[in-house]
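Sequences listed follow chains L and G, in order. Each residue of the first sequence is one higher than the one before, counting from 1 in my numbering. Each residue of the second sequence is one higher than the one before, counting from 1001 in my numbering.
Simulated from the structure, these hints should not be mistaken for lab results. Do not rely on the hints blindly, as some may be mistaken.
Computed cross-link-like contacts, DSS-like style, restricted to lysine-lysine with a CA-CA straight-line distance of at most 30 Å [as the list claims (entries may be wrong)]:
#, chain 1, residue 1, chain 2, residue 2
1, G, Lys1239, L, Lys310
2, L, Lys277, G, Lys1237
3, G, Lys1225, G, Lys1215
4, G, Lys1310, L, Lys215
5, G, Lys1225, L, Lys213
6, L, Lys213, L, Lys277
7, L, Lys218, G, Lys1305
8, L, Lys237, G, Lys1310
9, L, Lys239, G, Lys1079
10, G, Lys1310, L, Lys218
11, L, Lys69, L, Lys342
12, L, Lys343, L, Lys310
13, L, Lys239, G, Lys1310
14, G, Lys1305, L, Lys277
15, G, Lys1182, G, Lys1310
16, L, Lys310, G, Lys1182
17, L, Lys277, G, Lys1277
18, G, Lys1218, L, Lys310
19, L, Lys157, L, Lys115
20, G, Lys1069, G, Lys1081
21, L, Lys44, L, Lys172
22, G, Lys1079, G, Lys1213
23, L, Lys310, G, Lys1342
24, G, Lys1225, L, Lys277
25, G, Lys1215, L, Lys237
26, L, Lys213, L, Lys69
27, G, Lys1172, L, Lys242
28, G, Lys1225, L, Lys305
29, G, Lys1310, L, Lys310
30, G, Lys1342, G, Lys1239
31, L, Lys81, L, Lys44
32, L, Lys310, G, Lys1069
33, G, Lys1277, L, Lys305
34, G, Lys1157, G, Lys1069
35, G, Lys1277, G, Lys1343
36, L, Lys310, G, Lys1081
37, G, Lys1343, G, Lys1239
38, L, Lys310, G, Lys1343
39, L, Lys277, G, Lys1081
Protein chains: 2
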Amino acid sequence: MKEQAIIECVPNFSEGRNMDIIKQITDAIESVDGIQLLDVDPGKATNRTVVTFIGSPEAVIEAAFQGIKKAAELIDMSKHKGEHPRMGATDVCPLIPISGISMEETAAYAHQLAKRVGTELDIPTYMYENAATSPDRSNLAIIRAGEYEGFGEKIIKPEWKPDYGPQKFNIKSGATVIGARKILIAYNVNLNTTSERRANSVAFDVREQGRVKRKDDKPNGEILKDEQGEAIRELGKLKAVKGIGWFIPEYGIAQVSMNLTDTEITPLHIAFEECCKSADSRGMRVTGSELVGLVPKQVLLDAGKYFLLKQERSTGLSETELIHIAVKSMGLDDLAPFDASKKVIEYCLEDKDANPLVKMK
Amino acid sequence: MKEQAIIECVPNFSEGRNMDIIKQITDAIESVDGIQLLDVDPGKATNRTVVTFIGSPEAVIEAAFQGIKKAAELIDMSKHKGEHPRMGATDVCPLIPISGISMEETAAYAHQLAKRVGTELDIPTYMYENAATSPDRSNLAIIRAGEYEGFGEKIIKPEWKPDYGPQKFNIKSGATVIGARKILIAYNVNLNTTSERRANSVAFDVREQGRVKRKDDKPNGEILKDEQGEAIRELGKLKAVKGIGWFIPEYGIAQVSMNLTDTEITPLHIAFEECCKSADSRGMRVTGSELVGLVPKQVLLDAGKYFLLKQERSTGLSETELIHIAVKSMGLDDLAPFDASKKVIEYCLEDKDANPLVKMK
């Protein structure tokens, strides 16, 4: 039996203050059968709302279209102000394959969605990341450079002809970037220290960017530079991992806060293990960890199997048992109980009556 | 300023079924000013109740005397049946120095108490452990050998003349053993496995008794014996530690369950660290730990300082901060929140209005 195909969609709308408008947009998204809204995160300063929902590919692109359409009706970009770079009422709309679907298939759905947005709503639309039509357009920041205010000039250049929709500036709605990308996992590892500096030293050990090299390796030593005057970096252990250390007053401990941008390159459990090793070598101990949002089930199944294999045990267990071992091994229940029905994307869809994780601040 | 002297007293009464009798005994104990009852643990099968209380040395020996007196009134040993070895209505009554008092001073209080019990209640009384009057009598099991039923014959032997009280069998109350000993800490370390066998392998690595040696070091190999036919043991890493592995269905994990019999020899944090090392070497991870009863404050302060020193940090912190680091480092809040006012003996005495940990089953 083929696994049910699930896509996650994370549109960013350029409205973060007017709760009535935000509600109308999410209502339009939720009006589509089979859609589960997972998160609504409005920001006052950015005047921008990040919405997360999941469903079958067909349902997701229909719901995304309805959300983009409603945003085009209700948001007037000519009056928009906010701290985050943006160029459209629906600024960016990535599709993320969760299970039972490939990145290529997901990118094809992104094109279907973009074509409708361009044709039916007259919004210039650009494809990015894994749905990009050329390497020059794969990076969101490059497409968005100049922002809404600069787009009237940018769009008429031949090299910025939209992938879909008219090559004509849409004053009310701006332009929209649609694409397909891998899931990003926000993951924090807890340490038995209150020291942000020590947590940072672990973050620098593990993150891809590593740390800048300093004279004689002294913490306050002069930063060493190459012939072009660029700081020389000592790379960290893990690819596709961003990270920083911080102190959380609420918990009274410091954490290594990471973004895992590609769990095929660096899985969750490897990020955990490398933090343990680094902490241990620095006299600290990892006491547990915390998933900030939701994760695809496979991430936890892989982790469960990894820890069982380390114990030379059989991995022929049920999903529930594998997830239990993963949760216990990484201490995902260290700071708060771990409720799989709210943390595992697939389980949220199965259990639509469960509380959606909607934060209407 | 000298620290306030605190003694813990853990009398074992030969009644575990009649809650009315147990209540009258604990009421007599609690009637003494400044006494904090910490735990009442009756056992049906053993027909025995273990009571734990603390206070100043004077209050504790007065309360112990009142409890022993009440037990002598209400319990008739000639009718007692139960699975645990016993020889008296108050079977054994150890005093345990917690803070601000030495073992020698505590033993002197034990003698004061025993003298009153012998003289005023006519109960033959023997001193044991650190209060023993001769090395032959330091071991409780040896004093109690033969139990209540055999004591009529045993007591008339010159070598079993009681330390206090008449050299005459007390048919109703039997005999009582009083003494001074170190605190025993029941401590469980949580593993990321469900395997009792793997938890046992960690227990065998760390406990003083270690494991029996087997042919070719195979788990099912023949047990190797010495010339006297005794199994050859491979000792574990830690002195004064007993331990076993078990699986806890309630938590869905296996634990190393330990008794630390002398935290001056093996402190709590060292027991934790050695379990971590052993687990790590066997592909497992320690996910936290659990104190079953209460601990003297110093045990946690020492642990907090240990983990700070490992991080090369200053240990000049408040008690609360040191305990926080200890709790976080050893994951003492892994299975349940850690409430210092209910887990640290000294804090229980300070906060008498807090719920006493009375389990009246």
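Comparing the hints with the structure gives:
no.: 1; hint: G:Lys1239 to L:Lys310; in the structure: 29 Å, holds
no.: 2; hint: L:Lys277 to G:Lys1237; in the structure: 23 Å, holds
no.: 3; hint: G:Lys1225 to G:Lys1215; in the structure: 10 Å, holds
no.: 4; hint: G:Lys1310 to L:Lys215; in the structure: 26 Å, holds
no.: 5; hint: G:Lys1225 to L:Lys213; in the structure: 59 Å, violated
no.: 6; hint: L:Lys213 to L:Lys277; in the structure: 21 Å, holds
no.: 7; hint: L:Lys218 to G:Lys1305; in the structure: 26 Å, holds
no.: 8; hint: L:Lys237 to G:Lys1310; in the structure: 23 Å, holds
no.: 9; hint: L:Lys239 to G:Lys1079; in the structure: 74 Å, violated
no.: 10; hint: G:Lys1310 to L:Lys218; in the structure: 20 Å, holds
no.: 11; hint: L:Lys69 to L:Lys342; in the structure: 29 Å, holds
no.: 12; hint: L:Lys343 to L:Lys310; in the structure: 25 Å, holds
no.: 13; hint: L:Lys239 to G:Lys1310; in the structure: 29 Å, holds
no.: 14; hint: G:Lys1305 to L:Lys277; in the structure: 22 Å, holds
no.: 15; hint: G:Lys1182 to G:Lys1310; in the structure: 28 Å, holds
no.: 16; hint: L:Lys310 to G:Lys1182; in the structure: 39 Å, violated
no.: 17; hint: L:Lys277 to G:Lys1277; in the structure: 13 Å, holds
no.: 18; hint: G:Lys1218 to L:Lys310; in the structure: 20 Å, holds
no.: 19; hint: L:Lys157 to L:Lys115; in the structure: 21 Å, holds
no.: 20; hint: G:Lys1069 to G:Lys1081; in the structure: 21 Å, holds
no.: 21; hint: L:Lys44 to L:Lys172; in the structure: 21 Å, holds
no.: 22; hint: G:Lys1079 to G:Lys1213; in the structure: 45 Å, violated
no.: 23; hint: L:Lys310 to G:Lys1342; in the structure: 37 Å, violated
no.: 24; hint: G:Lys1225 to L:Lys277; in the structure: 40 Å, violated
no.: 25; hint: G:Lys1215 to L:Lys237; in the structure: 42 Å, violated
no.: 26; hint: L:Lys213 to L:Lys69; in the structure: 50 Å, violated
no.: 27; hint: G:Lys1172 to L:Lys242; in the structure: 74 Å, violated
no.: 28; hint: G:Lys1225 to L:Lys305; in the structure: 40 Å, violated
no.: 29; hint: G:Lys1310 to L:Lys310; in the structure: 27 Å, holds
no.: 30; hint: G:Lys1342 to G:Lys1239; in the structure: 28 Å, holds
no.: 31; hint: L:Lys81 to L:Lys44; in the structure: 11 Å, holds
no.: 32; hint: L:Lys310 to G:Lys1069; in the structure: 58 Å, violated
no.: 33; hint: G:Lys1277 to L:Lys305; in the structure: 22 Å, holds
no.: 34; hint: G:Lys1157 to G:Lys1069; in the structure: 26 Å, holds
no.: 35; hint: G:Lys1277 to G:Lys1343; in the structure: 26 Å, holds
no.: 36; hint: L:Lys310 to G:Lys1081; in the structure: 50 Å, violated
no.: 37; hint: G:Lys1343 to G:Lys1239; in the structure: 24 Å, holds
no.: 38; hint: L:Lys310 to G:Lys1343; in the structure: 34 Å, violated
no.: 39; hint: L:Lys277 to G:Lys1081; in the structure: 55 Å, violated
Violated hints, in rising order: 5, 9, 16, 22, 23, 24, 25, 26, 27, 28, 32, 36, 38 and 39; the structure is consistent with all others.
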